[in-house]
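Could you slot chain Y onto chain U? The hints should help.
Protein sequence lines correspond, in order, to chains U and Y. Take the first sequence: its letter number 438 is residue 438 in this note's numbering, and every next letter is one higher. Basically this note's numbering = 1-based index in the second sequence + 693.
Honestly, the hints are just simulated from the structure, not real lab data. Heads up, the beta-carbon is just placed ideally off N, CA and C, and yes, glycines get one too. Be aware that one or more of the hints could be misleading.
Unchecked claim - Taking CB as the label site, the calculated pair distances span:
#1 T1001(Y) to T286(U): 18 to 24 Å
#2 N608(U) to T919(Y): 40 to 46 Å
#3 G473(U) to H948(Y): 25 to 31 Å
#4 D974(Y) to S335(U): 52 to 58 Å
#5 K923(Y) to Q589(U): 45 to 51 Å
#6 G1159(Y) to V240(U): 29 to 35 Å
#7 D1376(Y) to A567(U): 40 to 46 Å
#8 A1216(Y) to N260(U): 50 to 56 Å
#9 H121(U) to V936(Y): 55 to 61 Å
#10 A1165(Y) to G473(U): 54 to 60 Å
#11 D279(U) to E1176(Y): 48 to 54 Å
Unchecked claim - Keeping only pairs whose Cα atoms sit at most 20 Å apart, straight-line, the calculated SDA-like set for lysine to any residue is:
#12 K284(U) to R647(U)
#13 K300(U) to G1010(Y)
#14 K310(U) to K993(Y)
#15 K310(U) to P1362(Y)
#16 K1066(Y) to T690(U)
#17 K300(U) to H916(Y)
#18 K1066(Y) to S1028(Y)
#19 K178(U) to N934(Y)
#20 K373(U) to E1380(Y)
#21 K373(U) to I770(Y)
#22 K993(Y) to H223(U)
#23 K284(U) to A602(U)
#24 K230(U) to L254(U)
#25 K1003(Y) to T302(U)
#26 K635(U) to V470(U)
#27 K373(U) to G799(Y)
#28 K230(U) to T1366(Y)
Protein chains: 2
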Amino acid sequence: MQADAVVLLEEGNMDVPPTWFRPGAAVIRCEPTLESGIVECIVTISLRGRWIQEQQYRPWRLRSLKLQPLMPVPSDIEISRAQIPKPVDQLAQEVGLLPEELEAYGRSKAKVRLSLLERLHTQPDGKYILVAGITPTPLGEGKSTVTIGLVQALSAHLKLNSFACLRQPSQGPTFGVKGGAAGGGYAQVIPMEEFNLHLTGDIHAITAANNLVAAAIDARMLHEATQSDKALFNRLVPSVNGVRRFSPIQISRLHRLGINKTDPASLTQEEVSTFVRLDLDPSKITWQRVVDTNDRFLRKITVGQASTEKGQIRETGFDIAVASEIMAILALADSLEDMKNRLARMVVGTSRSGQPVTTEDLGVSGALAVLMKDAIKPTLMQTLEGTPVFVHAGPFANIAHGNSSVLADKLALKLVGRDGFVVTEAGFGADIGMEKFFNIKCRASGLRPNVVVLVATVRALKMHGGGPNVSAGAPLPKEYIDENLSLVSGGCHSNLRKQIQIAHLFGVPVVVALNVFKTDTEAEIDLVCQIAKECGASDAVPCHHWAQGGRGSLKLAQAVNEAASRASNFQFLYNIEMPIAEKIRTIAQKVYGADDIELSPAAKAKINYYNQQGYSSLPICMAKTHLSLSHMPDKKGAPTGFVLPIRDVRASIGAGFIYPLVGTMSTMPGLPTRPCFYDIDLDPATEEITGLF
Amino acid sequence: MQADAVVLLEEGNMDVPPTWFRPGAAVIRCEPTLESGIVECIVTISLRGRWIQEQQYRPWRLRSLKLQPLMPVPSDIEISRAQIPKPVDQLAQEVGLLPEELEAYGRSKAKVRLSLLERLHTQPDGKYILVAGITPTPLGEGKSTVTIGLVQALSAHLKLNSFACLRQPSQGPTFGVKGGAAGGGYAQVIPMEEFNLHLTGDIHAITAANNLVAAAIDARMLHEATQSDKALFNRLVPSVNGVRRFSPIQISRLHRLGINKTDPASLTQEEVSTFVRLDLDPSKITWQRVVDTNDRFLRKITVGQASTEKGQIRETGFDIAVASEIMAILALADSLEDMKNRLARMVVGTSRSGQPVTTEDLGVSGALAVLMKDAIKPTLMQTLEGTPVFVHAGPFANIAHGNSSVLADKLALKLVGRDGFVVTEAGFGADIGMEKFFNIKCRASGLRPNVVVLVATVRALKMHGGGPNVSAGAPLPKEYIDENLSLVSGGCHSNLRKQIQIAHLFGVPVVVALNVFKTDTEAEIDLVCQIAKECGASDAVPCHHWAQGGRGSLKLAQAVNEAASRASNFQFLYNIEMPIAEKIRTIAQKVYGADDIELSPAAKAKINYYNQQGYSSLPICMAKTHLSLSHMPDKKGAPTGFVLPIRDVRASIGAGFIYPLVGTMSTMPGLPTRPCFYDIDLDPATEEITGLF
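Okay, chain U solo, but in the shape it has when bound (with noise of 0.2 Å):
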């Protein structure tokens, strides 16, 4: 007797399944749940051979949605609104989850505690997918329509439990340029309008701890300006009904600092001083504050202009909140544990004395926690076929990793089952997102990939084999509406081969997934096909899920199902213990396809204050255009010969990074003469809104 476990019989059907009560299970109580229906048994069973395998491994029992796609295919909001979601309660059911692992926020989203976990840890985790693309136009190829086409087969069609894990979208692009983010066509989550909103917060979330450090940032070095070490002293610990003594917050900043004592009043005055000052430095301060809009003139801006404020002003700056470093954190965190102690070990800066200074010195990190406490939990929606979906997390794909959460894919991964399928996204081109995935986030969850889903367009294709310029808001050049098997067999040879390489690199089979867009030629698809599997694909497949949903996912479901059957000889590129500048040159070089980096003497001067602070051991998160696998973004398919530069190196040290800068990135983004927002209406009335996509 080792082990409960909770099976789920129908009410009615209570004769036991033979398979479920072998010898060395007692039923130990059964309790009707009487909204389903169903009667819940806890039964303790003997662990043993092969015996537990069998019971655990449970096809879910899903009530998939119909789709009947039309042609013309409708406009995204018109098919989302078209399909009426299933009450998450009960999908939640579906999928095994417990009524009180459920904390619904309204009727089609809730989030998922993270004692699932606990209650599953002796489930074999499922099979892991991730979904990655070959370098994309400006236009992006459909990574996210893929990833939700292919669960949307392999739960609605094949019966396979599968899960798609997304990022939370900012809602930045969605009133800005680019939209929303939930799929398109008849591959969508739904609904749409929810996942692009506020969700379930924790973007808002993110923004309201991000916004607390700063705001104690400045607010602490204004009181050190104009305060006495006693002044200091006397307010930070203050005697309360005539007793003072230090907080726990407190205490922890002591025992960095090398002072081993819980007394106030037995602090030498040198001791007091180091405690009470921070003493950041404001030229040196890497803490930026951050609003969930794409507000450019927050770019760059000066702060503490009123009076008030005695003349204490600085130049800083906004970034989208999914810039943040708690975003990051979020994404990282594999328990609510870990994620405060990454909250804490933030640096926002560096003292005079050129010491990091962090949160916990700040005295935040609790409060940072407490914000957090329900974003870490993460939310689950469904497909436009009924199909489970998490959405979690969504950290920036340039300063940070560009992935959905180490959480959301672990729930996923116990809920399908040994036999399931978990299929995550990674943001930009397989070298970018693909690469982070792999040496960042496996690394920090300690899960191994089966398969890598390539996402490639023809269109992506012929650029790479050297047709004209794609640019956003331009008409399409004719070489990307007329047949030409040429430009295809270009790309194919070029970058397609490479990103295929790439993932090999890291010992996992990769499946192309050919998005068909309805200017395609068979000719053209079928080279595509041909040319992917001679470049070492395990399979390569059209793809028609925008249209048809499911269905026209079929084919790379059942590819997926078989690749996964194979072994995969998971491998990380680097030693987490090499160099820093070396495990740059490693990823500069066997990635990229570059011969060599430089460094800028800014960046060497960074990666000696980083090896001395002992932060040399971390993944290298590189920023880096995603329009070329090399720096240069006109530089298109496979190039070769250049050296990479590395401008500056930075580290989010909670997180758990460090960060080179290829180039210059943009943290914020600006709003056009026209921002989507001209569009989106809501009628007050019916409630309907118009003008998402």
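For chain Y alone, coordinates are given in the frame of chain U:
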């Protein structure tokens, strides 16, 4: 057969109560809702005379949570944590909400849909009780705890349906100086951490909406400064698949400009120019950005300093989020449509030719309504004794009106029914919060209050009677700890008398609630109650809710019940069509006791401008210190013989009021040397929060 009603019958008790089925009623459909053991029947009834009235008041079957108050009273968080809240769906059912009217956000809070108003539109409203206060000390005198104690007494002890309607607190003070706002002692909203943190995201939605407007303003100025009329027109009205069309939001702008055309090609060059150029005067932009954080360094800033903004720098600032006009709109709107219209009317600045520029001119008003579509639904929570509370909106009490939402009050008045009570709270002293409640909120809602509860403390009365200065952080002088009948009497005969008179100006009976502290003596308590009644209060009673919960407020509940049975002769203080200066003078003289007002030249100029723009028929929202009836915070009691200086006059056109500034108002608090956040922490194992109060 004229109307449907839904009645709830207990399962196993299908003998229909005779009062519900009179001649003319017929059962249409009965459906068991299994999870609750309740059978829901839809019956068709005929609307006739007495019958319908009897049917409509249904005392709730509220399961109250038992309190066992401890002595000495534990900390707020300990009390909150010791009580397990009812599941919010159970509470909702108990107060007559249908499952489809509820949108749960986790276990203990839920948004309530506005469709309820339609379902219950024939239901008579309950009694409407306003809690206001005498002029407070800087420590506050406990209006929130009185409000919560009163509904605990009414619902849990007197078994009278009652609802509290409270404001959502800003997170700024929660992490700054003041701490949370969920009440205190044995009169609290639970769980207090949910109340004090993100709640259901309304303030975050306001922040997002507010800052989208700000981003739109600066981006538009940049684009207008760098593009020709033709380029602007081509971008604002682009050709999509060969067709150019104005969006609905653009057609509204054309109408306002007097251009009644719908074909973009038909506009003259001059009309194009008028249409595409908002021509905002950078020095006359009144819209500020907001954060819900006490970030003093954002009070005055310079934006646009990055080279990408091409030198278009300007000075501006951030306010705390609750100071956003959008918050005032949320609090005053009485439907989704009304909110949308108000959001579109907001004036963000003035063009170089002196014309007001609105959010609709910016094309952003539809997106604002979309961002606010969930925020408009009030949030249901509960008190420590399990009685219902609506939390909704929390406009700044200085430059806005400082009252919770019209919609929460309206929903609650229908839910409690004819003989029930809705207790709502007005910020600051009665001269501010109550005056604005009557003249602004009641004017917007059409609701009429039955009773004013005026909260007083012996401490504040002693201050008004001539006691020494009271300030936050400093120990209380001994006059406030020892019995001192002469100071108490002085405060009663000055400030308390005046505040009672103010309520009587509006024709509403007053019950004085003396919030008892442990240092108050019997003689002091008796004296306050005696003088209050001599000054015209219907009744005056001591309240012990902090130490005893609802049981400690029983006398108050009885007094309120008694006063509410009397006739109330509500009247506004001024006619809305009076000239702006006359309205200000009326408030200054009749409410504050001033001899007259003195308008600065700037104030006079603004009044003239508002008259020209047709804004003269708006109510007045005074921005004045709450620490004195006058504009001088140190003048306690009931000052006379002063002239009220009006420094400037501003307008919130969307919210719908003119706000004169009396003195300088800070709309962004700061952080002290040791903010509350130092003690706020989360235990990752238990998920318990410490340090919130």
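(request) Mind listing which of the numbered hints don't hold for this structure, in increasing order? (result) none
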